[in-house]
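Chains as they are written, first to last, in the numbering used here: chain D, 1 to 934; chain A, 935 to 1045.
Think of the hints as simulated: they come from the structure by calculation, not from any bench.
Ideal Cβ positions, reconstructed from N, Cα and C, are used throughout, including at glycine.
Warning: the hint list may mix true and false statements.
Stated by the list, open to error - No more than 30 Å apart at the CA atoms, straight line, and that leaves these computed lysine-lysine pairs for BS3-like:
1. A:994 <-> D:85
2. A:954 <-> D:63
3. A:994 <-> D:63
4. A:954 <-> A:1022
What the hints assert, rightly or not - FRET-style restraints, in silico, Cβ to Cβ:
5. A:1002 <-> D:63: 23 to 29 Å
6. D:456 <-> A:983: 48 to 54 Å
7. A:1033 <-> D:365: 56 to 62 Å
8. D:404 <-> A:958: 44 to 50 Å
9. A:957 <-> D:33: 25 to 31 Å
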Amino acid sequence: MKWIHAAKSRLRLLSSRRSTDARFDDEMRFHLDMEAERLQRDEGLSASEAHRRAHVSFGGVEKTREQLRDVRGGRWLGSMSLDLKLAVRMLRKSPWLAGVGVIGMSVAIAIGAFAYAFINGLVGTDIPVPEGNRLVIFENWDVRNSQELGRTHLHDIEEWRTSVSSVEELGTFRIVRRNVISQGAEPEPMQVAEVSPSLFRVSGVSPLKGRALIPDDDRPGATPVAVIGYRLWQNRFSGSADVVGRSIQIGATHYTIAGVMPEGYHLPVNNVLWVAPTTRSVDFRPGDAPDVRVFGRLAEGRTVEDAQREATQVQQRLASSRPPSLRATTGSDGAESIVRTRVLPYGLAFTESPSLIWLLHILKFAVSLLLLLISVNVATLVYARTASRVGEIAVRTALGASRRRIVGQLFIEAFVLSFIAAVVGLAIAVTALDYLVGHAQRIAGDQLPYWMSFDVTPGLVVYVVLLAAGSAFVIGGLPALKATRANVRGNLQELGAGGGGLKMGRGWTALIVTQVAVAVAILPVVVHGVLRSRDSQSSSVPEYQIDQWLTATMQLDRDERQFAATTSAARDSLHNALLSQRLRTAVDRLENDGNVRSVLVTSSIPGAELDAFIVADPQGGPSVGVAIDSMAIADTVRQRNARGESHYVGHMSVTPAFFETFGIPVIAGRTLDQGDIAGATNAVVINLPFAKKVFGDANPIGRRIQFVYRDYDESAEARRAPVWYDIVGVVANFPRTPGSATKHPVLYRPLREGSHGAYVLGVQVASGVPERFGTRMREVVIGIDPKLRLEDIKPLGAATSIETVLDRVIFSAILLVTGSVVLLSAAGIYALMSFTITRRRREIGIRMALGAGARHVTTGVLLRAGRQVFVGVTLGSIIAFVLIQALERWKFPAQSAVSLGAVGLFMAAVGVAAAWRPARTAMSIQPTECLRHD
Amino acid sequence: MTARHNTDALRGSLDLLVLKTLSLEPMHGWGIGQRIQQISDGALEVNQGSLYPALLRLEKDGLITSEWGVTDNNRRARYYQLTTAGRKALGAELDSWRKFSLALETVLRTS
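Kindly produce the complete structure, drawing on both the sequences and the hints.
Here it is as structure tokens:
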């Protein structure tokens, strides 16, 4: 504890320096008075003699005071506060430098801080339960494509339980969505965690009321019980004291509430409702069971590596007994298991994938590089100014200031600048994070693990301060070191002659040229990107009266046990058939509702289609290859992307009524009809942007397309034997939801019953606000079957996905970065030009003394500046041209040529403006004045 | 032993003397100097100029604390007091001083 006392005393002494000085004065006065009194008393001296003797025996008062100051320490504080005052004064003297520097760096720091907080939030692995760091997740992976093989977990867990000794209390969990119906509250779909009772034991958290799940609850035939979370208890049961024992309906099953968990407990992901597992391995074929996740707790003193070692042994032992669906042919060895087991710390298993984390860390590194670039830019500005202060530095050095002292002062000036930038940057980052996280929580809600936090942490603040200190070093430290290296005498002489002392030869020219080139190279590319996205957002929208529509996704609880002992594919189709049946009833009932004008069924929300890669048949050429499995598909896509053959498009399935109800005009051919729905044809309809993108000016009717890869639940059979679809019609563009790209190419396929696991119901409300109809819609659907769920009820056209929000944040970041780069470039060019011309004052003076005319001199100066800008603009244009070409697959759009020209002109104007003022100033100086010093 | 000689001997052991003096009761700077002189029968005379830096050093190290108080004759004085850490440090210093003086004594006796 000694160090705590010491630290406290030190702080007290340092923090009250002035009062400490006064204290010593009082104390010494007391001492001298006491000593004088003693001398008067003991030795009979007169008052004045006693005081004199007291002073003599004390020694030098001033010397003691100095010694005391040395002991107290903090002398450096005094010089630092002086430096700080000087720094603030210098920054106020050159506000443009401070302004430009702060803006540039704050943008970079904001992006750095945002990336830091975002990445750390995402990879946050601290599970807020006692010994949360001992929790682990077991995962099986398909070694061929890194896909998780959740369907193998239910059977493998038995092996892990018996053979992996380094992990205890292994259990499963599975998050499903169910309608939750209880007295006194509106039914709503919620996440339900089907968990092994051991989850509550490994997390070491006791229930607030009643009990948690126990092994008996997990036995076949046990009475269904549920444990609820604090939030649910408050919201649905108003915190009622007698909640334990009451009934809650989850889907079609009635559960008795067994207990309430305390506030803040949300394991396994972000849950407030727990029931025992509903799936058992005995009901399913090995490797074909419903997806579950497996958790456990590391045994005392064991590590994740120990668990991994044991899990790998189990994996090798099981390899030979894997069913054929989990084996792949490998050359001469015959079939080999494709399953690999991985053990991960709990939190890490919820981040998309470890490679994503690496990607994010690389991003963090890239952001640091961006900051370095911007700092170098600001450093250039500062250097130009430091160079003009070289005389002042020389004088101070001559008067005895050490190099360290001068460098320190310049560093502090820079640090003040970057500190202000850090504060502004942190504020920007926090605002952006709040915006993003707010949206993410609204959209992803309880799917986001509850331990992920994107708040300002001490780590973040330290990171930002380090960024600021790093950039202060580049901005202030480096130029200061360079400036103080120049020799003092030379500088003093130069000072007398009216110029600075630093050499600014080819280096400056190269810097100016690079500055201009970088600005010219980056700007048109960004302008090009902005124009492209603006263009896609500005198409006409409201023709289709989207504000009258309410959409919701309809799903049916999947009872795995009902179709147990079949394959997962068979379970899919049986489930889908059941859903179709319910769908028909739902549509009937809704159509008969008085407030409903029309009902539409689609596979996804119109305007927010799923995306896929397609290829068109090359007319007259050989038919394109057929994709075999997901890896071959990925290869095909890669090859075709390289050749520019595959296209990224949206696709959705619709009924024939879709086009008519929304009044989407048919531009060529026909729309879909009942024959297409019945499966008689492979007809598809495309929209105008699709026709333009894929077929250009050629007629698309009669052409064929094929999916090469799509990101949704297509059955394995369909993937193995891709179908050629015939284009039978072209329709106008349906407006995409606000914020997403509007002129997106879309392909419409006939909606076949029984082929989807979820449908989107669109309801056109006859009167009133569509949102109000949501409750009624849910009532109708639950009335048909409590297992029928309506998710995500919202008006058509409401801002949708988290991707859109993220897009906006990234877009703003790009705009900010570009803006600051332009500003910095303009300022940099201005500073460099002014500086070089100021340095040529004497030369100009001599030339004018020798008879050169003012106009002649101005032209000379401007020409020289113009040459530098011209070289920069040319270089930058070449780079921009190549970049845009690469982005546009080697076609150069006309609008980019315009923006390129505009940016070039802008930079040239900045260069000339920068040269103009100093040139005028230089000319106004009398030759005699310039030469006087010689 | 004259005052001049014991100044050198004191330099290393001033901290120890101050801690020991303060272990008896809280005291002001002048009092500490007087007390050392009294107890040693005038043999040890503390250089008053070096007493205050020593006090500040001990305070900075957390071995003593100080606060304003009032003397018997109603004067405002800064009183120093031993902390728990200071008491422990005193024990350790005393031990090592005793060992040191014993060793010195032994050497001087044999030679």
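ask   = When the hints from earlier in the document are held up against this structure, which numbers fail?
value = When the structure is compared with the hints, none of them turns out to be violated.
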